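S.K.: Given next are the chains, with one letter for each unit.
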Amino acid sequence: MARALLPPLLAPGLSLMSEFLGLAYFAEVPAVLFDIQRAGPSTGMPTRTQQSDIFAAAYASHGDTKHVLLIPSDPKECFEMSAESFNLADRLQTPIILMSDLDLGMNDNLCEPLEWDDERAYDRGKVFSKEDLDDMSERYGRYLDIDGDGICYRTLPGIHPDKGAFFTRGTSRDEYAIYTESGEAYVRNMERLSKKFETAKDLVPAPQLHEAKKATRDGMIFYGSSNNACLEALDILAADGLHLNAMRIRGFPFSKEVTDFIERHDRVFVIDQNRDAQMRKLLIIECELNPRKMLSYTHFDGMPMTALGAAKHIASVLGGSNVTPLRKKKAGEKA
Amino acid sequence: MSYIRPEFRHPASKTNTSGFTRKDYEGALSTLCAGCGHDSVSNAIIDSCFELGVWPHRVAKISGIGCSSKTPTYFLGKSHGFNSVHGRMPSVATGANMANGEMAYIGVSGDSDTASIGLGQFAHVARRNLNMVYIVENNGCYGLTKGQDSATTDVGSSSKKGDPNPYEAVDLCSMALQLGATFVARSFSGDKEQLVPLIKAAITHNGFAFIDVISPCVTFNNTPASSKGFEFVREHREATGKMDFVPVRSEITTNYEPGFVKEITLHYGSVIHLYKDDKLDCTDRNSALRAIQEHDEKGRILTGLLYVDPDSRDFHKVQQTVKQPLRDLNEEDLCPGARSLNAINASLR
Ligand SMILES: Cc1ncc(C[n+]2csc(CCOP(=O)(O)OP(=O)(O)O)c2C)c(N)n1
Ligand code: SF4
Ligand SMILES: [Mg+2]
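Going down the list, the sequences are from chains A and B.
Under our numbering, the first residue of the first sequence carries the number 1, and numbering increases by one thereafter.
Under our numbering, the first residue of the second sequence carries the number 1, and numbering increases by one thereafter.
One chain only, chain A, in its complex shape:
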């Protein structure tokens, strides 16, 4: 009941654990999961890579649920975001899912050496200590939003003889963790959880922006292990006179920076390693965007994506390109 950790899981484990994710969301239990995404659905191509759990993770479990995602792009970021995910889980009191993939999780990747700052302290979030409870004259409420940010104060079992104990559950309850079927209490709680998700927007890692050398109204969005291929694709396109500003998304819920970037552009290509363009759709839903300006490049044959594949597709849409493929097109790769 202190810091919770679920072990690294391959994609099917995310499906298996969905009910628990809903429980942790609703009961507000800090937890960290590592999803090493692989080619689904079901057992799919279990030894091949994909980014196809975006929906399954963002909205895992039945009912109105939403989860915080961190999306690293190389082993160094996996390391840093892992450490950060524990702080965020305690700060936000909700599951944090680190969206790695099989390319990152099992293949050799080059990265900068891992570093650790010895000054770094743990953030345990909002926890009332024994002393806090002693000083309290009012009744303690586990689900009482004192600060107005949607995040309430926890207590840890065994610290105080007669204050701060609560009985939590996945069923609806009031601010004092007392079971209730009152519609108003339920709505209040669900709206507070939404507020907490708003708070999360500024706490997840900010996107990384890459400005084109020339001013442009075209943009590109990518994430995770697509990073290197996409940066190379931008170079190929630029060499060809096609300039795009780019943004690598590193977290969900999407912050204002993400929506600002999209608003600054007329056309935005979203690069997904899955068939259904899941990140593109998540952006459209969550940021309430006009789908027409959100273009897509998907690559989902289970192999890591290539710069040429992306560059060729984008060039063909933007009009005119002299990018020549070095290899034959693979199944599942769009022309």
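Source of the hints: derived by calculation from the structure; they are not laboratory data.
Computed from a prediction, not measured in an experiment: that's the story for all the values here.
Any given hint could be a false lead.
Claimed, not checked - Sample of chain B residues at the chain A side, in silico, Cβ under 7 Å:
| hint | residue |
| --- | --- |
| 1 | 57 |
| 2 | 80 |
| 3 | 85 |
| 4 | 101 |
Every residue, glycine too, gets a C-beta built ideally from N, C-alpha and C.
Given the coordinates of chain A, work out where chain B with the ligands should sit on it, guided by the hints.
M.R.: Relative to the frame of chain A, chain B with the ligands by itself:
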């Protein structure tokens, strides 16, 4: 069961060794059906904790989903609790226990919660010998969802719906024994005399203490044709030797009744006294399995303490975990720091 609890307490209301009254161990008013066996189990838990003098804030209550799993609201109102998801109380209990081994963990589950959806989790928590009390309030049906047959419904037994169950029943005590549980007992919600000392011994036991409590569902499965109804259980029940639990702090003589034939000393020095000499040897797993089987063949239900391993090594011991609760560990205890990371980096170059 909804009833108004008298608020008045006699000024000299009895306090236990830790200075608490029985009221300190009570919970919210029950909303179960009047007469439900589960309420008697809650009361037995309250009595056990009161008599043992456990500190309420040092107990955690954990449950799955079902009428049985709702009951932790109705006892130990000053304890932390977690009503988790159907069949998965064991993994929540495991996490909580690993994070803080200083608390007593009382898990409450149902027969569907444990023997159907939760069978896998039950198997592993027993194998791991997690230090907890695991009570199944066994009514042979899915009470909360209106009385469907469960995996512990006996062949031929029929509930209010009337159709005899065609499937073999899972016997949770036999299973617990085979899986390595280090304390196994069966009891009946209608027999407080037997149940309370069992729960006290189970709380004191250092390892996985399993109690299958037959706890009739008066609303859906208390028919004359049901083998989990009050009438059938009363008529077909046999008890292992009478048992007394003598906690470590009391002088043996206070609870002492002459004539006990066997004494089992538990981890912290508490003692179990067994009175009747029967064929069952409570420290021998096979003897317990045989006794359950022999009674079953004769159509009898064997209740009481079935097995205890006084030398049990719990999951923390096997895993060699740190002594303190994880909440008390800080950066210095947990973080190997930059030097270690640099050494790892260097070793990979
Ligand atoms: C995953 C899941 N499946 C089904 C249910 C519906 N459900 C709620 S309680 C229950 C059965 C409970 O029976 P038991 O554990 O024997 O408890 P009792 O009510 O008899 O005490 C079921 C199937 C659920 N809550 N979750
Ligand atoms: S339905 Fe059965 S198990 Fe549930 S509260 Fe009523 S009597 Fe008890
Ligand atoms: Mg039941």
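S.K.: Each hint should be assessed against the structure and marked as holding or not.
M.R.: Tested hints:
no.	hint	result
1	57	holds (5 Å)
2	80	holds (4 Å)
3	85	holds (5 Å)
4	101	violated (11 Å)
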